Amino acid sequence: MEMTGSQILLESLKLEGVDTVFGYPGGAVINIYDDLFESSINHILTRHEQAAVHAADGYARCTGKVGVAIATSGPGATNTVTGIATAYMDSIPMVIITGQVPTPLIGNDAFQEADMCGITRPCTKHNFLVKDIRELAKTIKEAFYIARTGRPGPVLIDFPKDIQVASHKFSYPDKVNLRGYKPTYSGNIRQIEKAAKMILEAKKPVLYIGGGINLSAANDELLKLAEMTKIPVTTTLMAMSAFPQRHPLALGMLGMHGTFYANMSVTECDLLIAVGSRFDDRVTGRIDSFAEKAKVIHVDIDPTSIGKNVLVSLPIVGDLKDVLGKLLGSLEQKQESLKRLVAATEDWRLMIAEWKERHPMAYRQSKTVIKPQYVIEKIRELTNDDAIITTEVGQHQMWTAQFFDFSQPRTFLTSGGLGTMGFGLPAALGAQVAYPERQVIDISGDGSFQMNSQELATLVQYRLPVKIVILNNNYLGMVRQWQQMFFEKRYSQTVMELPIDFIKLAEAYGATGLQATKVEEVEETIKKALETPGPVLMNFKISREENVLPMVPAGKAINEMVLAS
Amino acid sequence: MKHTISVLVENEFGVLSRISGLFSGRGFNIESLSVAPTQDPDVSRMTLVTRGDDRILEQITKQLNKLISTIKVVDFTDEEFIERELALIKVATEAESRAEALRIVDIFRAKVIDVTPKSYTIEITGAPAKVDAVLELLRPMGIKEVVRSGPVVVGRGAKRSWIA
Ligand SMILES: Cc1ncc(C[n+]2csc(CCOP(=O)(O)OP(=O)(O)O)c2C)c(N)n1
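Sequences listed follow chains C and A, in order.
Using my numbering, the first residue of the first sequence is number 611, and each one after it goes up by one.
Using my numbering, the first residue of the second sequence is number 26, and each one after it goes up by one.
Derived by calculation from the structure, the hints in this document are not laboratory data.
Wrong hints could be hidden among the right ones.
The calculated lysine-lysine pairs, modelled on DSS-like cross-linking and capped at a C-alpha distance of 25 Å, are [to be verified]:
#1 C/Lys748 <-> C/Lys977
#2 A/Lys91 <-> C/Lys918
#3 C/Lys1151 <-> C/Lys977
#4 A/Lys136 <-> C/Lys748
#5 A/Lys97 <-> C/Lys918
#6 C/Lys785 <-> A/Lys143
#7 A/Lys184 <-> C/Lys785
#8 C/Lys807 <-> C/Lys949
#9 C/Lys624 <-> C/Lys675
#10 C/Lys903 <-> C/Lys966
#11 A/Lys27 <-> C/Lys792
#12 A/Lys87 <-> C/Lys905
#13 C/Lys675 <-> A/Lys91
#14 C/Lys1099 <-> C/Lys1151
#15 A/Lys91 <-> C/Lys792
#16 A/Lys97 <-> C/Lys804
#17 C/Lys624 <-> A/Lys184
#18 C/Lys751 <-> A/Lys91
#19 C/Lys807 <-> C/Lys944
#20 C/Lys751 <-> C/Lys804
#21 C/Lys977 <-> C/Lys988
#22 A/Lys87 <-> A/Lys184
#23 A/Lys97 <-> C/Lys751
#24 C/Lys748 <-> A/Lys91
#25 C/Lys675 <-> C/Lys779
#26 A/Lys87 <-> C/Lys918
#27 A/Lys136 <-> C/Lys792
#28 A/Lys184 <-> C/Lys918
In this text, all values refer to a predicted model and were calculated from it rather than measured experimentally.
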């Protein structure tokens, strides 16, 4: 059937299983929006293109589906860049469609022209400029395929206006043929057998888990592996919800704000089994002393992650679900050796238990001021197990990672790699669109919240009952903490001089605003917010100079922590 | 250590910037880069010369392979290969130095492809070391301009670096 370019786009989206897109209109996408007017595809109008991309990202993180965002050319398109880079760093499958000036004008400095393929080349998995309507359907097919396969990531399609209005016979390809792109899913069985052998011979093994576990949906395999071998599990920020944090084998987060016992375990281990993690500098601290005594097994679908930052004794490229499945199969046949392993590692677990006892993840409760950690614990207590928590970036993000004790996969959405303030609220919006019935909560700081607070309007318009928790210290807290610890308390530009009336702000958008200033008010405030229909903002005035601890100062080894007194 | 890498890529819009952007974005160095289509008009070959230790070279080849547009990457360093570079050299010639210039051209089987009263333009093809040697010998006469293509390489004998 003959269709216009914009119709081909929408039909292709449907064939890819897309029912919801996030976006913002403009001249270079006006034809697409005209076709969306009567389309079955649900379009959510955010109040900023950056938020549209974060919302699509939040949608993708909690569902595992490809998130889709649309923006116009020029400023609309450049507004998406932070969102795209955020998704790229965390390997989130997304397709971003940007309008572009008509092909004959490209390169002309035309009105609202920006070279989006040039701008996003380093922060997309791949990008396309559609120059010919005959290529359109194939391009969309490839974009979705690339976004969701292998190591997932965002793919941008730059879509010129003249191609949107041109017409062509629509037929959607059922296969892609990309000779330069063939991700390795199946792990090499010989390597996996070697891994099994190394595991069975270890005395002090640790599993070091990254966001890949969620992406590959290998959560069950991981849990089985840990329980079968009794190997303790430490998780990166991206993987806090990939392994139940109240499990006896859970060590919590490692790295800069990791637990004492996770960082000590990694420092002392003799075998580090890295699965879907990438030895980020916030995890490793000083790289040459990271897991110094250990052999390293590294499993990842992306070969570039392996051997990038540390020497690896045994690399295994493949999909984690496949590799862990085969590893389990291999270990299951070695029951005797497994028994020996569990016995031989008993002392190791005792040693870790001792570390845990010596420096548990704890904070000092106060009677007079609200401790942020206490608020987080209360939220955990009062919400369902499957509540989806998003965060912004800063102290509140780290406290959430440290104290929330996630128990279900894909319930913690946070910008790990890029560390994007302003991510949490639109990501929560996207998650709530994906799961209208689940509790979705954005845990925020007063600084970050203001980076995308306009999205309150979107929440209200679409009746999305996201609850927002502002842990309000009236500081850019995380930067202030660094200034306190390393810059002699010179609080340069981190004091939020103007205390905002967040309740009025919420009300101005038609949302509900609540506030707690005393410890006793915390619980009732959360309860009330959860009972109130629609979006609710809770402003908690917290102890202002509370710090995130433990902390590994920049450039130090991860066992050189500043600990809570 | 110096490595010569051959990269087969889809001959499509923006592919050169993907490769060069990868190198600049990740701080890898490129000493030379040459690009042209192959026997298959849909495929271009880039030959690049870079430097780095084993770990960096491993990252370079992995990162190149990771690009969707990359079809094949061959690091020729540990292989048997033939390497050739073309150079066009404009050298100042006085009456008394002309004979010397021609002798050098002759010894290296180069060619004089343009002559003016004050200069020769010399074309030479060979391994980069040979080009270096010629330049060294011509230098005392006064080199006005050097245009080098950067090396291109091909595997020896039946060995191919073409798409498997
Ligand atoms: C977009 C962006 N700009 C700047 C930063 C640097 N930064 C990291 S944490 C932080 C402070 C965040 O303050 P707030 O949101 O109030 O959270 P708190 O640390 O107080 O919990 C800043 C400015 C960032 N991560 N992202």
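A quick look at each hint next to the structure:
no., hint, result
1, C/Lys748 <-> C/Lys977, "violated, 63 Å"
2, A/Lys91 <-> C/Lys918, "holds, 14 Å"
3, C/Lys1151 <-> C/Lys977, "holds, 14 Å"
4, A/Lys136 <-> C/Lys748, "violated, 50 Å"
5, A/Lys97 <-> C/Lys918, "holds, 21 Å"
6, C/Lys785 <-> A/Lys143, "violated, 63 Å"
7, A/Lys184 <-> C/Lys785, "violated, 32 Å"
8, C/Lys807 <-> C/Lys949, "holds, 14 Å"
9, C/Lys624 <-> C/Lys675, "holds, 13 Å"
10, C/Lys903 <-> C/Lys966, "holds, 21 Å"
11, A/Lys27 <-> C/Lys792, "violated, 29 Å"
12, A/Lys87 <-> C/Lys905, "holds, 22 Å"
13, C/Lys675 <-> A/Lys91, "holds, 22 Å"
14, C/Lys1099 <-> C/Lys1151, "holds, 21 Å"
15, A/Lys91 <-> C/Lys792, "holds, 9 Å"
16, A/Lys97 <-> C/Lys804, "violated, 29 Å"
17, C/Lys624 <-> A/Lys184, "violated, 47 Å"
18, C/Lys751 <-> A/Lys91, "holds, 19 Å"
19, C/Lys807 <-> C/Lys944, "holds, 10 Å"
20, C/Lys751 <-> C/Lys804, "violated, 38 Å"
21, C/Lys977 <-> C/Lys988, "holds, 15 Å"
22, A/Lys87 <-> A/Lys184, "holds, 22 Å"
23, A/Lys97 <-> C/Lys751, "holds, 23 Å"
24, C/Lys748 <-> A/Lys91, "holds, 21 Å"
25, C/Lys675 <-> C/Lys779, "violated, 28 Å"
26, A/Lys87 <-> C/Lys918, "holds, 10 Å"
27, A/Lys136 <-> C/Lys792, "violated, 47 Å"
28, A/Lys184 <-> C/Lys918, "violated, 30 Å"
Of the numbered hints listed earlier, those contradicted by the structure are 1, 4, 6, 7, 11, 16, 17, 20, 25, 27 and 28.
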